[in-house]
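Student: Each chain, letter by letter, is given below.
2 protein chains.
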Amino acid sequence: MKHLNLYEENDFAEKAFKKLLVHDSPYFKIINFNFKAGQELPVHNHDIEGQLSLVIIEGEGEFLGKDNATIPAKAGDVVISEISEPHGLRAKTDLRLLVTIDPQSTVGADLQEDSASGLTAE
Amino acid sequence: MKHLNLYEENDFAEKAFKKLLVHDSPYFKIINFNFKAGQELPVHNHDIEGQLSLVIIEGEGEFLGKDNATIPAKAGDVVISEISEPHGLRAKTDLRLLVTIDPQSTVGADLQEDSASGLTAE
Numbered sequence: 000m001k002h003l004n005l006y007e008e009n010d011f012a013e014k015a016f017k018k019l020l021v022h023d024s025p026y027f028k029i030i031n032f033n034f035k036a037g038q039e040l041p042v043h044n045h046d047i048e049g050q051l052s053l054v055i056i057e058g059e060g061e062f063l064g065k066d067n068a069t070i071p072a073k074a075g076d077v078v079i080s081e082i083s084e085p086h087g088l089r090a091k092t093d094l095r096l097l098v099t100i101d102p103q104s105t106v107g108a109d110l111q112e113d114s115a116s117g118l119t120a121e
Numbered sequence: 000m001k002h003l004n005l006y007e008e009n010d011f012a013e014k015a016f017k018k019l020l021v022h023d024s025p026y027f028k029i030i031n032f033n034f035k036a037g038q039e040l041p042v043h044n045h046d047i048e049g050q051l052s053l054v055i056i057e058g059e060g061e062f063l064g065k066d067n068a069t070i071p072a073k074a075g076d077v078v079i080s081e082i083s084e085p086h087g088l089r090a091k092t093d094l095r096l097l098v099t100i101d102p103q104s105t106v107g108a109d110l111q112e113d114s115a116s117g118l119t120a121e
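Taken in order, these protein sequences are the chains called V and D.
Residues 0 to 121 (numbering that gives the first Met the number 0) are what the first sequence spells out, left to right.
Residues 0 to 121 (numbering that gives the first Met the number 0) are what the second sequence spells out, left to right.
A few of these clues could be false.
Any copy will do: because identical chains look the same in the list, a pair fits if it lies in one copy or spans two.
Said to hold, decoys possible - Subject to a maximum C-alpha distance of 27 Å in a straight line, what follows is the list of computed BS3-like cross-link-like pairs (lysine-lysine):
{"no.": "1", "residue 1": "K91", "residue 2": "K14"}
{"no.": "2", "residue 1": "K1", "residue 2": "K17"}
{"no.": "3", "residue 1": "K14", "residue 2": "K1"}
{"no.": "4", "residue 1": "K1", "residue 2": "K65"}
{"no.": "5", "residue 1": "K65", "residue 2": "K35"}
{"no.": "6", "residue 1": "K91", "residue 2": "K1"}
Derived by calculation from the structure, the hints in this document are not laboratory data.
Here the structure is a predicted model, which is why all the values come from computation and not from measurement.
Sequences and hints are given; from them, build the entire structure.
Tutor: See below:
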């Protein structure tokens, strides 16, 4: 059983959203993105089979989809998307997002370079 | 892209924790459990390969493990467990938990009968 707290392990940065690789296994990849108000994860997609979930832990913003579609995003929101479907997020307040991707793979690896593993084994 | 809000789609019950099936696909199963203070998901495990994540959306409690082990649980906590590893949760305050299981399968189906699909397609 491995354990971490998103509030303790990841913070915010003025330059761009801050990414924390929470978990990566043959089963799924879990990534936490923290956005300062105004920052965004641009709409993107990957041409592979699979799905991802986007969970808003804290904050408000908008989910982004294809053709400039937006869905209001707030704490407790869960979005399920095909990995091949365009998806993104724009923060209106400081916002914490948790993304779970299956299959893991290289999805998300291209989004920002300064990720870090925050896992502690217990 | 499918969207729901955990605060809007699931509430609490005096009798036992309240379960909401958020998503079930060949990729993963996502279940939201809401606990009133004092309610618990007893320690259990399933003898299959795979992993699950436990994410505390709101509230405080304890993650439960084998041999009566406990880990304090609070908002923003993420626990990764093998499905075969004993795991559970006890709430000290009203608590919202989001569980993602891969592979999906019948895991979680035995925990409570009154689940409901809360998905809305957009």
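Student: If the cut is 27 Å between Cα atoms, do K1 and K65 qualify within a copy, between copies, both or neither?
Tutor: Answer is between: at 14 Å across copies they meet the 27 Å cutoff, but 36 Å inside does not.
Student: Could you place K91 and K1 in one of the four classes (within, between, both, neither) given a Cα distance threshold of 27 Å?
Tutor: Between copies, since 21 Å is at most 27 Å while 32 Å is not.
Student: Using 27 Å as the alpha-carbon threshold, which applies to K65 and K35: within, between, both, or neither?
Tutor: For K65 and K35, the Cα distance is within 27 Å only inside one copy (23 Å; across copies 39 Å).
Student: Indicate which option fits the pair K91, K14 if close means a Cα-Cα distance not exceeding 27 Å: within, between, both or neither.
Tutor: Within one copy only: 16 Å inside a chain, 38 Å across chains, cut-off 27 Å.
Student: Classify it for me, K1 with K17: is the Cα-Cα distance of at most 27 Å met within a copy, between copies, both or neither?
Tutor: Both. Shortest intra-copy (22 Å) and inter-copy (25 Å) distances satisfy the 27 Å Cα cut-off.
Student: Up to 27 Å between alpha-carbons, please classify K14 paired with K1: within, between, both or neither.
Tutor: neither (30 Å within a copy, 30 Å between copies)
The earlier numbered hint that this structure contradicts is number 3, and it is the only one.
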